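Novice: Could you build all of it, start to finish, from the sequences and the hints given here?
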Amino acid sequence: MLALPHHANLCPMSSPPSLTALNAGFIIDQRYEVVRKLGQGANGVVYEVQDHRMGQRSALKFLLNFDPSAPWEEAAVLTGLEGEFVLPVRNAHHESGIPFIVTEIATHGTVKDKIKPGVGMPVDQAAQWTQQASRGTARVHDRQLLHLDIKPDNLFLDAHGNAILGDLGLASLRDTSGHGRFGGTPATMAPEVAQAAASTPEENWPSLRPTSARSDVYSLGATLHWMLTGRPPIEPTGADWPQIFHEVATVEPRDLLEVAPHVPRGVRDVVRTAMDRDPAMRYPTPSALDAALGRRARPLRNWTRLVPHPGHHQCFTGTGGSKRDLAVCVVPTGARTQHSIRAFYLQSGQRACAESVVSLSQVPAALRSLFRRLQ
1 MLALPHHANL CPMSSPPSLT ALNAGFIIDQ RYEVVRKLGQ GANGVVYEVQ DHRMGQRSAL
61 KFLLNFDPSA PWEEAAVLTG LEGEFVLPVR NAHHESGIPF IVTEIATHGT VKDKIKPGVG
121 MPVDQAAQWT QQASRGTARV HDRQLLHLDI KPDNLFLDAH GNAILGDLGL ASLRDTSGHG
181 RFGGTPATMA PEVAQAAAST PEENWPSLRP TSARSDVYSL GATLHWMLTG RPPIEPTGAD
241 WPQIFHEVAT VEPRDLLEVA PHVPRGVRDV VRTAMDRDPA MRYPTPSALD AALGRRARPL
301 RNWTRLVPHP GHHQCFTGTG GSKRDLAVCV VPTGARTQHS IRAFYLQSGQ RACAESVVSL
361 SQVPAALRSL FRRLQ
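Numbering follows the UniProt record's numbering, in which position 152 of the sequence shown is assigned residue number 152; successive positions increment by one, without gaps.
Simulated from the structure, these hints should not be mistaken for lab results. These numbers come from a predicted model, not from an experiment. We put the beta carbon where it would ideally sit given N, CA and C, even for glycine. Any given hint could be a false lead.
What the hints assert, rightly or not - Restraint ranges, calculated between C-beta atoms of paired labels, are given here:
1) Q56 to L360: 35 to 45 Å
2) G118 to G80: 34 to 44 Å
3) D240 to G55: 44 to 54 Å
4) D240 to M54: 41 to 51 Å
Claimed, not checked - Taking lysine-lysine and the DSSO-like style, the derived pairs with C-alpha atoms no more than 30 Å apart in a straight line are:
5) K37 to K112
6) K116 to K323
7) K37 to K114
8) K37 to K323
Specialist: See the structure below:
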């Protein structure tokens with residue numbers, strides 16, 4: 001039995017061990033001197049290197065899931081890719097037949113680092129980073145490339161706190177029909193991509209062309225969903241790749257209405273459209289997703305989920321404008337499945353409205369109603 005984590009991306013080939021443990025001082029492509037290993041994931045290993053030709057430090061990633069006998073058509077297009085909200089690509093080449101990409105070093109962490117598990121992050125911050133990621137994705141698409149692996153781990157933060165799209169190791173050129181090859185991470189993979197793999201023998205996956213610009217749009221929506229809820233929208237439990245892809249293709253993502261009742265309707269609607277199971281019903285481009293988030297109605301009070309206080313089930317704060325800051329807490333009553341919902345002003349501790357008692361299954365709807373009343 002093969003257990004695969006929800007965050008793993010497709011890696012059907014074994015990793016060449018010599019490239020996963022290079023020592024400091026090793027020279028790559030007669031140019032890049034290994035300084036230290038930065039990390040290793042499902043589809044590659046990353047080193048900090050000194051570029052002796054350009055006299056600068058860079059990050060070099062070997063793409064270990066590539067077939068060395070296959071042509072790497074994306075290399076020439078990737079080299080020199082740069083622009084606002086894209087981690088600049090300095091070179092794309094190969095060593096011993098294994099492709100590698102050289103980029104700037106991202107030293108300020110990733111969006112994934114800022115997501116509190118089970119809690120998420122403030123709605124406005126999640127929306128801003130998704131808009132920035134959408135603009136970066138649009139630049140990638142302008143090069144006739146599809147990213148294929150958009151997720152919080154691949155959104156790097158710059159010195160100003162902006163989200164920068166990186167890790168183009170799975171990027172695919174679009175053909176004349178606008179489609180690209182198969183690839184991605186199950187947690188943020190579009191269902192039509194997973195369906196193509198689930199219905200095709202594994203040995204034929206390299207010939208699949210199921211991805212499109214709308215597949216990347218789905219991944220942007222799934223990334224926003226993850227930021228808002230603190231969990232991937234789907235966490236497949238299959239024992240092998242075909243089972244996992246079948247789950248991704250058929251299981252509905254968690255409903256924001258239930259798992260994030262504090263998220264305003266405008267943002268929920270954007271996520272719902274971006275993650276529509278029918279690609280034709282999604283935003284056609286990342287720019288359209290960016291614009292939709294920009295047009296969303298801003299509530300007078302912004303609600304943010306907190307790490308629950310001791311003994312509490314859920315906790316939220318409401319801030320914004322001239323309104324007094326509020327807290328809302330969901331607290332077990334001691335009676336089976338019954339929870340009380342309490343709203344109070346943060347500064348005075350006075351109640352903002354009468355306490356209500358509902359069953360656990362009624363909590364999301366009760367919270368949505370309360371948040372609307374307290375606007």
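Novice: Name the hints, by number, that the structure is in violation of.
Specialist: 1, 8
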